[in-house]
Structure formats: C-alpha cells, structure tokens
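Construct the entire structure; sequences and hints are all you get.
Number of protein chains: 2
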Amino acid sequence: MAQLLRDQFSTLLTQVAIFEGFSLEELQQYSDKAIGKSYTKKQIVYLQDEKAEWAYVIQRGWVKLFRETLDGDEAVVDILTTGQIFGDTAIFNDGCYACSSEVVEDAVIYQIPLSVLNAHITTNNKLALNMLHNMSYFRKKQTRELEHMKVQNAPQRIGCFLLQLYKPRTGPSALIHLPYDKILIAARLGMQPETFSRALLKLQHETGIRIQGATVEIDDISVLTDYSCSSCSSTHPSAEC
Amino acid sequence: MAQLLRDQFSTLLTQVAIFEGFSLEELQQYSDKAIGKSYTKKQIVYLQDEKAEWAYVIQRGWVKLFRETLDGDEAVVDILTTGQIFGDTAIFNDGCYACSSEVVEDAVIYQIPLSVLNAHITTNNKLALNMLHNMSYFRKKQTRELEHMKVQNAPQRIGCFLLQLYKPRTGPSALIHLPYDKILIAARLGMQPETFSRALLKLQHETGIRIQGATVEIDDISVLTDYSCSSCSSTHPSAEC
DNA sequence: CGAGGGTTTGAAGTGCATCAAATAGTGTGG
DNA sequence: CCACACTATTTGATGCACTTCAAACCCTCG
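Going down the list, the sequences are from chains A and B. Here the first sequence is numbered in this note's numbering, starting from 11 and rising by one per residue. Here the second sequence is numbered in this note's numbering, starting from 11 and rising by one per residue.
I should point out that these hints are in silico values taken from the structure, not numbers from a laboratory. Please note: incorrect hints may appear among the correct ones.
When chains are identical, the list treats them as one kind, so a pair holds in a single copy or across two.
Below are the DSSO-like pairs computed for lysine-lysine, each with C-alpha atoms no more than 27 Å apart in a straight line [to be verified]:
#	residue 1	residue 2
1	Lys-212	Lys-177
2	Lys-52	Lys-192
3	Lys-160	Lys-192
4	Lys-151	Lys-51
5	Lys-52	Lys-160
6	Lys-61	Lys-43
7	Lys-151	Lys-177
8	Lys-150	Lys-160
9	Lys-212	Lys-160
10	Lys-51	Lys-160
11	Lys-150	Lys-136
12	Lys-51	Lys-177
13	Lys-51	Lys-61
Written as structure tokens, this is what we have:
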C-alpha cells in the first residue's frame, strides 16, 4: 500500500471501536498487509461458514450481515457503515464466519488479515479488553432487539429504529434520512415489506411524524420515545431504544 | 470461608467457562472473598440497573435472567444452571447489571467480588480471552435465537428447545425431563402459556414425540431436527439448534 | 381437604403474512 | 430525451398464528 493510503487507512482504524486508544504507530502493523477495495451494491463480501482469512473495516457505504435458512428465508443480523469492523469475531468461531455479508450501498472496504489481529489479541491485553467492551455492546444491542421482537409491535419497532438514526442535537425536532431501502429496513426489523409500509402509515397517524420517500420529519422526538419505548425495559426515554 | 468449602468452591470454579484452564491455585484468590448462599424459588438475586458488586456462580438450581418493561411485560433473556456465571458482564456495562435475576428452582449460589474479577482481567490476558470466547458463544446463541423468533413458528421453537436439552448418547432415542415450569419455558421462547400448551400438542402430533407432565419421550431425535431445523440457517442437523 | 398456582381448553379478536396487483421510481439503451 | 424494463413501494383482500379473556381442570402442599 502506498504511504498516503496507509496513513489514510491508519486514521480510519483509529475510529474503529476495538482500536480505541491505540496510536497510529501501533496500528501500522495492519496497514502493511491491508487491502482496500471498492464494492457495488449486491456484492457479497463473504459467505457464512466460509474459512475466515480477513476482518473488514468499512470506510464508506453500508454492509448487511445476514443468515440464510434452508428454505430461503433470511434473517438480517446487522447493517453496518463507516468505521465499523466485521468478520473479526470469526476468531472465536472456529475460524469461520458466523454470517454472510453483502454490500447494500456502494462501499469502500479495507480488509486486514485475521492472523495479525489474532496475534495482537494474545499479546496485547488492551486490545482484548477493547474487544470485550465492543462485544458486550453488541450483546446488549441484541438483547434489546430480542426484547423488542417479543414485546413490541411493528409500528413501535419502526419508531425505535428511527430513534437509533436520530443524533441528538439542539431542539426536539429532527430531519432523518433513511440510509437504505425500506425493504431492507423491514428485513432488519423482522417484518415483511408490506407490513413495514402499513406500519409506517400507522406510526405517522399515531405520532404525527411525516414521511416523504426516504425523508422523515419529526417535530418532537419525545412523542416517538413515548410511543415506542413504553414497552421497553430501557430507562425511559432513551436514545438507546 | 472454611478450607473445606473453599476447596469445594474452587472446584466449582474450574467448571466455569471463563475460568477454563486455570489452576486451583490461581482460583484461590476468589475463594478468599467468596460467599455461598442458599436461595428458594422466586428469590431475586439482583435487579436491572442496580450497582453491581458481585458476579454469581451457580452450584445448584436454576436462575432466570430477565428484563421488565414499563407496562409489566417481561422478556426472559436466559435461564442458567450449575457451573454458569452471571452478572460478570456488568464490568462492561458501566458497573450496572443489564438484567434482573430471579431464582426459579431452589439454588445454591456463590458470589465473588467484581473488583477481584476486574483486576484479574486487566492483568491476565488468558482470562480476557476466555471471556471473549464465552461472550462470543452467547452472542452466537442470541443471534440464533433472534433468527428463530423471525423465521420459526411456536412448535418449531419448542422443538429446538427440546433439542438443546438433549445430551447426545447412544442411540437416537431420548428421555428428557423439563427442568422448570412450562410457563417459564413459554416465556423463554417468547410465547404465551396457552400458545405453548397448544403448540406442544401440535408438536406431538407432527413428530410423534410423547409428553407426559414434565417428561418427554423421543423415539428418534432426527425427526425433531428435521421438523425444527428446516428453517434454521445452522448446519443441519445440529445439536446447536 | 381446601387454597393456590400450574396447565389445559374454548371462543373470539388482532396483527402480521401472504398473494395479487397497482403505482412510483430508477436506470438503460435507443 | 424518451420509452422500456426492472425494482421498490404501496394497496387490497384474505388467511393463519398467536394473543387475549374466560373458565375448567389438575396437582401439590400446607
């Protein structure tokens, strides 16, 4: 990799959760062997159960992690973007990827050898602790999601999804842009596109938010938290929900 | 703690996943400050969001981890038994418990100070790696559970639950004893007791298994995997499912 | 034996899935 | 720049799975 690219890549790595607190120098060991590629929508990065050689870091775009069942159904595990790493936990999964991954919005993705990461974990306790924190974060997120599947209905789940896109700023109003297809959001929330469409209508009527294509206008974010989080166990109101 | 108890406790700790590969000597640091207690059904061990001082190790009995929503619904996160640790991940959750925990079958539970565990993690990379492996295991389990909530119906989810209770032995037949109330199993699987009862009937008719009170008789385990795992993404057939 | 949970059964309602088809939106080649 | 093809999204109609409410039954334990 050329020096300029290497520096750019190392800077990206400093934004990755598991590398928090690491210096550019410490991260140079990755840029030596890293590879950056461009991907277009619908490209597969890797498949479930494949032997894992690389971890991937997203510089730009969106990537879907999913699992496919024998009869063709798919469960969307997560949808990731800039600064997020994936495939790294194959280290703890017999060296195989636990999910398949597919690009859902044109992306630039770097890949780093798992062997380097693996060696680094066993010698650097700080990295292991960072990964623990990170994995704990995702476990919490998953736990919340399971809870939502059990106790929330479709419109409420969409409300929670919108709240997660909301970045707190001045004032209670917000203008949110849906970052990818509604069909994909529906899959992410475990419902059919038709259900999503109808639930979105219901959500509009019941909370007063306005949706026009991929744009969501919210006058008062607290109406949404009231509506969606009443059946959450999270502290209410919560941006986490 | 008396020496005899201490030894007994250290032996229990060697069975705990995150302490795998540790010697009795290394584990002595816990027995100094550990406390063992008996609990009866329905006793609360700790509540969600409480400041966490202890991690708990089950010697005997069953414990439910759950989250309660504002409007009284509860989501059962997990149900644990002998040799399992809980509350330990509060270390990565701002020092607060992420779930409440309640004894569901009379239990003996030891508690160890989180401060000792926390100190141990930062100095002992092996422990950190063990915890990573363990957390990865639970993440996988949760991912599978989320998938099941999205793609399986009630009888199939019960089938998977039974498969998890099945410990492979000689031959394809099995006699399983349900370890706790059906109401609790229903909650664990995210369904109503009535639904559970009816789904169990359907499962009997469609797979030929026989259920008498808390006893489950299965002639051929593969019938159950065929029935339940057809819509799983796990390698089929799988004890994991 | 009687009280109290656990469990089952019945009847009715609700939410989501499914199938079908219309509509909107996007990118392509002519 | 337009017509076409293709996909995304919406809308309608219907069915099924699960929930809810109500009540009976069963089992255990004081």
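Legend entry - Earlier hints that do not hold, by number: none
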